[in-house]
Amino acid sequence: MKALVTGGTGFLGSRLAARLRDAGWEVTAMGRSDEAGARLKKEGIRYLKGDLRDSGHVMQACAGQEAVFHCGALSASWGPYRDFQETNVQGTANVIAGCRRHGTARLVHVSTPSVCFGSSHRLNVRETDRLPARQASPYAATKRMAEEAVLDAAAAGLSAIVLRPRAVFGPGDTSILPRLIQVNAAGRLPMIGGGRALIDLTYVDNAVDALLLARQAPESLSGRVYHITNGEPIPFAEAAERLFRALGEPMRAKKLPFPAAYAAAALMELAAAAVPGGREPMLTRATAGMIGRSQTLDIGAARSELGYEPRASIDEGLAAFAAWWKERDHGR
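Each number in the numbering used here corresponds to the 1-based position in the sequence shown with 8 added.
Keep in mind that a hint or two might mislead.
To be verified - Derived pair list, reagent style BS3-like, types lysine-lysine, alpha-carbon separation capped at 27 Å:
(1) Lys10 - Lys50
(2) Lys57 - Lys10
(3) Lys262 - Lys334
(4) Lys10 - Lys49
(5) Lys334 - Lys49
(6) Lys334 - Lys50
Said to hold, decoys possible - Each pair of labels, with its calculated beta carbon distance range:
(7) Ala268 - Ile184: 17 to 27 Å
(8) Ala279 - Ala113: 40 to 50 Å
(9) Lys334 - Ala163: 15 to 25 Å
(10) Ser63 - Pro258: 42 to 52 Å
(11) Arg40 - Glu156: 19 to 29 Å
(12) Lys334 - Glu156: 40 to 50 Å
(13) Val283 - Ala163: 20 to 30 Å
(14) Gly195 - Gln224: 46 to 56 Å
(15) Tyr89 - Glu227: 27 to 37 Å
No lab work stands behind these hints, which were simulated from the structure alone.
C-beta: ideal position from N, C-alpha, C; glycine also.
Based on the sequences and whatever the hints tell you, model everything.
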């Protein structure tokens with residue numbers, strides 16, 4: 009059996025590729041990092057350097073694949089809209105075209121729960137709930153368009169399932185938890201609204217479980233969307249406290265009222281936009297909403313229809329991340 013993993017050199021994609029290899033699949037990991045690709049080759053995974061924006065690269069990559077896991081995306085809270093559009097929308101269109109051309113048996117598309125949220129509280133959101141009229145960031149907006157393209161393709165006959173995993177973390181994470189560690193080291197870990205907002209997290213191996221379950225799901229579930237989390241909503245402050253306890257480091261938090269944080273984020277965005285090629289602001293409005301507003305998901309459909317059940321708890325995941333972080337001397 010052959011499988012393609014786009015974004016295969018990234019955090020989630022590389023973890024998935026390793027699990028597929030262990031299950032006996034012949035895996036091709038498509039990505040742009042030669043350094044990560046070299047590590048994958050040593051682990052018995054074929055590395056294919058390619059860009060989602062290049063239809064030729066994607067078409068070639070999809071040839072002969074029984075399953076395609078589309079994990080690749082431009083994922084950030086800041087950046088030019090065009091960059092997100094080219095990678096997330098056009099890149100997904102290229103993947104869909106490749107799957108159609110080569111008769112892929114199942115496309116599993118990784119979307120994001122960011123399409124569900126903005127700057128307001130939303131609890132226990134289901135896949136059937138109405139999405140906001142406007143998304144909170146270019147990332148969310150373009151991922152929504154990509155998701156809709158996959159669902160349109162499924163309606164036209166392509167076998168495809170969409171997953172929305174929330175805040176994936178674990179060993180190998182270079183984004184979510186490392187960013188918290190960085191701002192904490194500077195003494196500026198924002199506790200917006202006192203850190204009381206409920207958030208969802210997803211341990212990386214649980215997310216991989218969901219991807220594999222989506223691949224083997226019956227054809228009757230093609231065209232469905234599933235929320236994926238650990239099923240343990242937790243206040244942001246408590247999640248941060250558990251992280252730094254696992255790391256053995258003090259937490260240096262700074263409390264901010266939500267209106268003040270949101271206004272400050274807007275000003276930071278304006279300042280960054282005024283400078284061509286400006287760096288990502290320390291805080292964006294999308295991030296302020298993510299950690300300052302209670303936003304949780306209902307995973308009942310994934311449990312009942314895919315058979316998904318989170319195996320590793322948040323505490324177990326944080327312990328695994330902390331061990332990995334310390335082992336690589338990041339904590340010094």
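Status of the hints after comparison with the structure:
Restraint check for Lys10 and Lys50: the C-alpha separation of about 18 Å stays at or below 27 Å, so the hint holds. With a C-alpha separation of about 17 Å, the suggested pair Lys57 and Lys10 falls inside the 27 Å cut-off, and the hint holds. Note on Lys262 and Lys334: the hinted pairing holds, with a Cα-Cα distance of about 25 Å set against a maximum of 27 Å. For the given pair, Lys10 sits about 16 Å from Lys49 by alpha-carbon distance, which is consistent with the 27 Å threshold.
About 25 Å separates the Cα atoms of Lys334 and Lys49, which keeps this hinted pair within 27 Å; it holds. Restraint check: the Cα-Cα separation between Lys334 and Lys50 comes to about 24 Å, which is no more than 27 Å; the hinted pair holds. At roughly 24 Å, the beta-carbon separation of Ala268 and Ile184 lies within the given 17 to 27 Å, and the hint holds. Hint check: Ala279 to Ala113, Cβ distance near 49 Å, so the stated range 40 to 50 Å holds.
Between Lys334 and Ala163 the Cβ separation comes to about 48 Å, which falls outside the hinted range of 15 to 25 Å. Checked against the hint of 42 to 52 Å, the pair Ser63 and Pro258 passes, with Cβ atoms roughly 50 Å apart. At about 25 Å, the CB distance of Arg40 to Glu156 agrees with the hint of 19 to 29 Å. Range check, Lys334 to Glu156: Cβ separation about 42 Å, and the 40 to 50 Å hint holds.
A C-beta distance of roughly 43 Å is found between Val283 and Ala163, which places it outside the suggested range of 20 to 30 Å. Between Gly195 and Gln224, the C-beta spacing of about 47 Å keeps the proposed range 46 to 56 Å intact. Between Tyr89 and Glu227 the beta carbons are some 36 Å apart, a value that agrees with the proposed interval 27 to 37 Å.
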